[in-house]
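Chains A and B are the protein sequences, given in the same order. When we follow this note's numbering, the leftmost residue of the first sequence carries the number 59, and every step to the right adds one. When we follow this note's numbering, the leftmost residue of the second sequence carries the number 59, and every step to the right adds one.
Hints in this document: simulated from the structure, not taken from any laboratory. Any given hint could turn out to be false.
Identical copies carry no separate label here, and so any pair may be met within one copy or between two of them.
[Stated by the list, open to error] Restricting the straight-line Cα-Cα distance to at most 20 angstroms, the calculated cross-link-like pairs of lysine to any residue (SDA-like) are: (1) Lys265 - Asp133; (2) Lys92 - Arg237; (3) Lys265 - Glu232; (4) Lys281 - Asp106; (5) Lys281 - His105; (6) Lys92 - Arg115; (7) Lys156 - Pro204; (8) Lys95 - Arg275; (9) Lys273 - Arg228; (10) Lys156 - Arg237; (11) Lys156 - Tyr202; (12) Lys273 - Met230; (13) Lys156 - Ser205; (14) Lys140 - Glu166; (15) Lys92 - Leu260; (16) Lys156 - Val201; (17) Lys156 - His242; (18) Lys156 - Asp246; (19) Lys95 - Pro245; (20) Lys156 - His129; (21) Lys273 - Glu166; (22) Lys117 - Met230.
Bear in mind the structure is a predicted one, so any value in this text is a computation, not a measurement.
These are the residues of each chain, in order.
Protein chains: 2
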Amino acid sequence: MAGPRRLLLVSNSTLHGGGYLDHCQQNISHFFGKDVKRVLFVPYALHDRDAYTKTARDKFQTLGYEVDGIHEAPDPVGAVRKAEAIFIGGGNTFRLLKSLYDNKVVSEIRRRVLEDGVPYMGSSAGTNVSTISINTTNDMPIVYPPSFSAIGLVPFNINPHYLDPNPNSRHMGETREQRITQYHEEPDTPCVLGLREGSMLLVEGNKATLLGTTKARLFTRGKPSVEYDPGSDLSFLLTH
Amino acid sequence: MAGPRRLLLVSNSTLHGGGYLDHCQQNISHFFGKDVKRVLFVPYALHDRDAYTKTARDKFQTLGYEVDGIHEAPDPVGAVRKAEAIFIGGGNTFRLLKSLYDNKVVSEIRRRVLEDGVPYMGSSAGTNVSTISINTTNDMPIVYPPSFSAIGLVPFNINPHYLDPNPNSRHMGETREQRITQYHEEPDTPCVLGLREGSMLLVEGNKATLLGTTKARLFTRGKPSVEYDPGSDLSFLLTH
Chain A
59 MAGPRRLLLV
69 SNSTLHGGGY
79 LDHCQQNISH
89 FFGKDVKRVL
99 FVPYALHDRD
109 AYTKTARDKF
119 QTLGYEVDGI
129 HEAPDPVGAV
139 RKAEAIFIGG
149 GNTFRLLKSL
159 YDNKVVSEIR
169 RRVLEDGVPY
179 MGSSAGTNVS
189 TISINTTNDM
199 PIVYPPSFSA
209 IGLVPFNINP
219 HYLDPNPNSR
229 HMGETREQRI
239 TQYHEEPDTP
249 CVLGLREGSM
259 LLVEGNKATL
269 LGTTKARLFT
279 RGKPSVEYDP
289 GSDLSFLLTH
Chain B
59 MAGPRRLLLV
69 SNSTLHGGGY
79 LDHCQQNISH
89 FFGKDVKRVL
99 FVPYALHDRD
109 AYTKTARDKF
119 QTLGYEVDGI
129 HEAPDPVGAV
139 RKAEAIFIGG
149 GNTFRLLKSL
159 YDNKVVSEIR
169 RRVLEDGVPY
179 MGSSAGTNVS
189 TISINTTNDM
199 PIVYPPSFSA
209 IGLVPFNINP
219 HYLDPNPNSR
229 HMGETREQRI
239 TQYHEEPDTP
249 CVLGLREGSM
259 LLVEGNKATL
269 LGTTKARLFT
279 RGKPSVEYDP
289 GSDLSFLLTH
């Protein structure tokens with residue numbers, strides 16, 4: 059099944075007022091298509107892996123796909139080796155990345171997606187770990203992973219759930235933009251694509267397209283940030 | 059100058075509508091008192107250490123204290139060894155902790171505070187690094203420290219800038235309480251004191267008192283969270 063890299067990187071699993079993955083279900087159906095029958099689900103980002111897998115399974119069955127939880131397999135690496143498609147769900151990014159390393163599947167997922175063309179869907183934390191590193195996650199560092207380097211399916215970073223400043227807030231914590239600016243004060247840091255809730259990035263080979271209903275904001279070290287509308291061609295991000 | 063441990067752990071450097079450290083300046087004066095003449099300031103949490111030290115110096119001079127920036131000293135460990143008092147300012151907690159390790163001052167600060175009774179003030183990130191670990195920071199993991207273990211001046215963790223859920227928000231990222239709950243899903247995790255902006259913890263030997271103008275919320279693994287009013291005696295946190 060060798061083919062070009064195919065990724066669907068979703069900002070958020072649930073959009074306000076909707077159910078789990080409702081807002082992107084048409085994108086999911088279009089992305090996995092009719093050839094995929096079973097999706098390997100990685101529930102490592104949440105504590106209760108069985109309950110999380112049931113949530114994903116129930117949703118994906120309504121779209122015509124069977125779901126296998128990677129934690130249900132006797133050998134996680136073997137499960138990745140025979141996967142038709144992979145979906146890594148959201149939750150805590152640190153817990154997720156640590157579990158990916160603990161189960162030794164980071165490089166095998168990378169190989170399957172980049173060499174074998176296995177379609178990869180990520181949501182929230184599952185989108186973070188698909189990039190160069192988890193340096194731009196919003197999550198609390200509840201566990202210590204052996205590295206912040208991630209699967210590296212794209213050569214930039216993503217900030218999911220990207221949030222504009224609230225002008226009425228009295229809270230003095232840093233805005234999201236300030237946090238990403240702090241990241242870019244560090245040397246040799248890559249672009250960060252801020253995906254607002256409701257947006258997602260579709261990557262097919264060397265073509266990247268912004269999908270969904272909200273705009274995205276791109277942060278490049280040493281340059282002003284830029285807004286992109288849904289439908290924008292962001293393929294240039296793949297050639298850095 | 060041996061004496062009991064003395065800590066002033068402030069949630070936030072700036073309160074909405076006020077200037078830098080304005081909201082806690084009386085607490086600072088009372089904490090350092092008249093015996094302290096010079097405060098060793100650690101500006102590692104922000105990128106521009108000179109500018110940050112100037113901000114701290116200007117403020118502390120109005121309170122009658124001279125400030126030395128640790129990065130101005132030829133030998134940071136030596137600067138800690140001869141410090142009369144230490145203040146670690148806020149910014150990015152990951153950058154701060156990594157710099158503390160890079161400069162090999164973590165254990166020396168611990169020794170000076172716990173063995174020599176050198177007064178320690180922290181604000182925001184400087185409060186995070188004074189606890190067991192930085193596992194409950196709110197900051198973006200822009201750099202990878204060699205450990206999340208921190209200076210360990212108290213046997214619990216703190217979440218600075220603690221924030222109540224906003225019932226009007228449509229944003230679907232986890233609330234602060236959900237994040238701390240995820241931390242407590244991990245085994246053997248300590249109490250987390252959520253310090254709202256405007257609050258601070260004063261530790262004198264084995265006595266801990268909540269100061270400031272806002273309540274704090276205490277999260278204990280496996281138990282309901284509890285609210286504490288300013289003035290509350292939280293000494294029990296020191297004996298876990």
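Is it within, between, both, or neither for Lys273 and Arg228, if the alpha carbons may be no more than 20 angstroms apart?
between (26 angstroms within a copy, 16 angstroms between copies)
Identical-chain pair category, Lys92 with Arg115, by Cα at 20 angstroms
within (17 angstroms within a copy, 65 angstroms between copies)
Using 20 angstroms as the alpha-carbon threshold, which applies to Lys156 and Arg237: within, between, both, or neither?
For Lys156 and Arg237, only the inter-copy Cα distance (17 angstroms) is at most 20 angstroms; the intra-copy one is 23 angstroms.
Have a look at Lys117 and Met230 and pick one of within, between, both or neither, based on CA distance no larger than 20 angstroms.
between (39 angstroms within a copy, 19 angstroms between copies)
For the identical chains here, do Lys156 and Asp246 meet the 20 angstroms Cα criterion within one copy, between copies, both, or neither?
between (24 angstroms within a copy, 17 angstroms between copies)
Up to 20 angstroms between alpha-carbons, please classify Lys265 paired with Glu232: within, between, both or neither.
neither (33 angstroms within a copy, 32 angstroms between copies)
Within, between, both or neither: Lys156, His242 at alpha-carbon 20 angstroms
Answer is between; shortest inter-copy Cα gap is 16 angstroms, intra-copy 24 angstroms.
20 angstroms Cα threshold - placement of Leu260 relative to Lys92
Within. Shortest intra-copy distance 18 angstroms satisfies the 20 angstroms Cα cut-off; inter-copy 62 angstroms does not.
How would you label the pair Lys273, Glu166 (within, between, both, or neither) given a Cα cut-off of 20 angstroms?
neither (33 angstroms within a copy, 48 angstroms between copies)
Within, between, both or neither, where Lys156 and Tyr202 count as close if Cα-Cα is 20 angstroms or less
Both, since 7 angstroms and 14 angstroms are each at most 20 angstroms.
When no copy is named, should Lys281 and Asp106 be tagged within, between, both, or neither for a Cα gap of at most 20 angstroms?
between (42 angstroms within a copy, 19 angstroms between copies)
20 angstroms Cα cut-off: does Lys156 pair with His129 within a copy, between copies, both or neither?
within (14 angstroms within a copy, 34 angstroms between copies)
Violated hints for the displayed structure, listed by number in ascending order: 1, 2, 3, 8, 19, 21.
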